[in-house]
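Got chain A; can you put chain B on it based on the hints?
Order-wise, the sequence lines are chains A and B.
This note's numbering numbers the first residue of the first sequence as 811 and each following residue consecutively.
This note's numbering numbers the first residue of the second sequence as 811 and each following residue consecutively.
These are computed hints drawn from the structure, not numbers from a lab.
One or more hints might be untrue.
Copies of the same chain look alike in the list, so a pair counts if it fits in one copy or across any two.
In silico BS3-like links for lysine-lysine, alpha-carbon gap of 30 Å or less [to be verified]:
{"no.": "1", "residue 1": "826", "residue 2": "902"}
{"no.": "2", "residue 1": "914", "residue 2": "1060"}
{"no.": "3", "residue 1": "841", "residue 2": "957"}
{"no.": "4", "residue 1": "1060", "residue 2": "904"}
Protein chains: 2
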Amino acid sequence: MLSKNQIKYYKSLQIKKFRQIHQSFTVEGAKSVTELLASDFEVELVAVTEEFRAAHSRLLEALDAQVVIATADDLAQMGSYQTNNACVAIAKTKENVFIDVAGKEFVIVLDDIRDPGNLGTIIRIADWYGFQKIVCSETTTDFYNPKVIAASMGSFTRTRIYYGNLVSYFEKAAPARVTGTFLNGTSLYDYNFPSSGGYLVLGNEANGISDEVAALVTDRVSIPRFGGAESLNAGIAAAVICDNIRRQWK
Amino acid sequence: MLSKNQIKYYKSLQIKKFRQIHQSFTVEGAKSVTELLASDFEVELVAVTEEFRAAHSRLLEALDAQVVIATADDLAQMGSYQTNNACVAIAKTKENVFIDVAGKEFVIVLDDIRDPGNLGTIIRIADWYGFQKIVCSETTTDFYNPKVIAASMGSFTRTRIYYGNLVSYFEKAAPARVTGTFLNGTSLYDYNFPSSGGYLVLGNEANGISDEVAALVTDRVSIPRFGGAESLNAGIAAAVICDNIRRQWK
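Just chain A, with the same shape it has in the complex:
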């Protein structure tokens, strides 16, 4: 059974301040939790229904964490984003380890992505296209926000994330070309992504890439438009660009 204190602790972790104090975060739903259990994250607590435990007994037995049986009602009460959760979990956040381009790869750099759904979607897309390093401005929404974790559909387990001031970041990072999207950039269809890899900067949903970061972008590209829509959302732009990189690199 889940104790009142466990439920209270779980709920506190929905708030960034408490995630930072406890260095822990929450994961909910069968898909995300099973991916968490198969990952290198340190899991503190898993609360599952009797049915989920029976279906995943081998995975749960191999686990070095507390497994608690919870009622579907308990889980529904705790889960803020999905109904009929079969399970929730608490895991330790990872340290903020510096990452940069090392070999033929693109590091995705997010300049002030505010919407948790967008960040989660970008993580999922980057993972689909095999780009697992994501660098975030300090103003970008928290990776461990439960809405980010949910929207990433398990891809958070394969992502390496680093938060920092982007101007300082580029001073320290391995030199490579920095591609960024601008309305007046070179058409993606005429642009050659560097064959040795580089950085791909995606800007804020409303304001695009900030001036300080724009000054560090070496290659300005834009997604060609053929109709009347004024813009594409951040996740869509990320997907189209990642797809163009992979097509060139195939």
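Coordinates of chain B only, in the frame set by chain A:
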């Protein structure tokens, strides 16, 4: 001033049954309403704040519809998806007019897209890439659902939509190749979209393209995957495919 009956009427149109009875739908938010007013939709009623009227007086004066001044409170009470709406509107739905491939174009065919946010996003993406004809299975969510209208970000005004049984549709539609996405299809990067245009089928979020429609697909394609994510959402898939068509056609 808005009357109680007007507010009641507006609210009733949030429900599909009443949209069908009245053949009317609602639009909210400054961006969507200004695009509506500039479109060929027949507008019944516009409710705006004093500030909005002052800022858009020329647009509103040219309008053959009732313009009512509303308080921000009225608008907030009526608007279900956005806060601080400067305006809401009621317009007539269009007739369900048959559309098919006519010339070098792609008609997008949606097989059971259930989520209004996904449908709105697909409309916006299709509009960005200049594909304005969308055919929907009868099970696809209603185009005039306020969440669809909101997510389309004004692109609903440029879209021609037709709902029908897809098997009957393809019996009547102009013959052309039918491209559909399947997990085991040809890589998009190796596939040549028909240079004379065709149909692009996108399937249900969870189950993909139904068996009856799959039988009519002539060209099976898939979006190449390089990492661990299991899937991409329907809007992302639509964007990546539309982008690949346009790059080939440039």
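Going through the hints against the structure:
no.: 1; hint: 826 x 902; result: within (13 Å within a copy, 46 Å between copies)
no.: 2; hint: 914 x 1060; result: both (12 Å within a copy, 28 Å between copies)
no.: 3; hint: 841 x 957; result: both (14 Å within a copy, 27 Å between copies)
no.: 4; hint: 1060 x 904; result: neither (33 Å within a copy, 45 Å between copies)
Hint compliance for this structure: hint 4 alone is broken.
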